[in-house]
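S.K.: Take a look at the letters that make up each chain.
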Amino acid sequence: MLEARALRRLQVGPIDLTLAAGTCVSVAGRSGAGKSVLLRMIADLDPHQGEVALDRQSCSSMPAPAWRRMVTYVAAESGWWEAKVAAHFAPGTDFSERLPVLGIPAEAASWPIERLSTGERQRLALLRALRAQTRVLLLDEPTSGLDAASTGLVEAELRRQLERGVAILLVTHDPAQAARMAARRLVLVEGRLQEHAA
Amino acid sequence: MSAPMLDPFDLALAAVLVLLNAAISLWLNLGMARALVIAGVRLVFQLLLVGLALKIVFAMASGWLVAAVVLVMFAAASYEIYSRQERRFAGLWRIGVGAGTTMLATLFVGAFGMLALRPSPWFAPQVTIPLVGIVLGNVMNGVSISLNSFNTAIVRERTAIEARLALGEDRYAALRPLQRSALRGGMIPIINQMSAAGIITLPGMMTGQILAGMAPLEAAKYQILILFLLAGGAGLGALATTSVAVWRMTDERDRLRLDRLQERR
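Going down the list, the protein sequences come from chains A and B. Read left to right, the first sequence gives residues 1 to 198 (our numbering). Read left to right, the second sequence gives residues 1001 to 1265 (our numbering).
Please keep in mind that the hints were generated in silico from the structure rather than gathered at the bench. Predicted, not measured: the structure shown is a model, and the values here were computed from it. We treat Cβ as the ideally placed atom computed from N, Cα and C, and that holds for glycine. Hints are not guaranteed to be accurate.
[Claimed, not checked] Using C-beta positions, here's what the derived DEER-type ranges look like:
1) A/114 to B/1090: 28 to 36 Å
2) A/112 to B/1176: 16 to 24 Å
3) B/1158 to A/114: 16 to 24 Å
Turn these sequences into a full structure, and let the hints guide you.
M.R.: Following this line, the structure appears as structure tokens:
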């Protein structure tokens, strides 16, 4: 479904990658190996060489915001631009249904951002990226700051997304998580993707 | 009534105050006496020199000479904006953005002033040069404050801006809050100046005109005209410069391009 060809930026690449609908591919690699650079290239957030296509429709053939609504990058560090949590979600979002899915109380919708813990921010940033039009999720260490229970909730939600047909590219430092989630495990070494050696 | 002429003795009398201040600084060990005296001497030389230069320009009444003086003023203002920026655009943009938008707003607002004052000939240096000077100074302030605040905020708010872009908002939507707060910052000084005028202070220009013998009501009308021009100039300049900054700090693929900004060395 998602095909990346000859992606290259800075020390990363050339990278070829195919993601099938409803599958999860994990990417490991040392800090600074360029995992975030790779995800950001796929989301077209930085200038780069190469091309990515979704169902044979290339990224460069459509406006970048339209591409990013389908191929959505969730950064390791979440960003907030309004005072309250609810303002970061689409109008009409049912918070009493959505927030408890990741173990966050429904009333958190009315909280100011400052009141959120790092882990809550991380989960809310993921929730806000899960939308009807999302086809591919590019997740940068989505559970790095979470305890085991919250990590379990996030993984369960990601499995539901996979069942819906969403493809996930998951950057994770946790080999156990990669084993649980990913159909294919890759490692980024010296700017190139390799299969994970079992 | 005509303006009383000041002779050197009158100025020397006023200079006593500066020397008094310098003495206070020495007494309290503020370490500012030297700087104060140098600033005072600079003021005398600079203003007398400008007065002399303007006397020549006024006497020659040449359109080309007026244009040259205005150009020199633009160049000085551009350099001033450039040197006030904490973070600058890379390449020629580092001076071009502030300089271009300042000139644009100044010329536009200056044209309004000329329409109101109707000098004859239209480039009469007695009108154009002071008019451009006062408008330029204010536009320069509005531009440099808003540009500085925008370029500082864009680095600070990077994760928030990129989160919006990653969720599929376009570059204008993602940067709108930054542009708005930068614009506000650029316009607050002139709004304060307008609301305080006449109550807290008599504006400097009006004071000068009254001292020079103009009827207070006439002086007030001039001051109102000038403050309106300044408000227009500061707003337009800030709007133009932040709009160029939004466009320059992003690209056609709606990416944030912080690589186009350089930290001041």
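S.K.: Now, for every hint given, state plainly whether the structure supports it.
M.R.: Do the hints match the structure? See the list:
| no. | hint | verdict |
| --- | --- | --- |
| 1 | A/114 to B/1090: 28 to 36 Å | holds (34 Å) |
| 2 | A/112 to B/1176: 16 to 24 Å | holds (21 Å) |
| 3 | B/1158 to A/114: 16 to 24 Å | holds (19 Å) |
Checked against the numbered hints listed earlier, the structure breaks none of them; every hint is satisfied.
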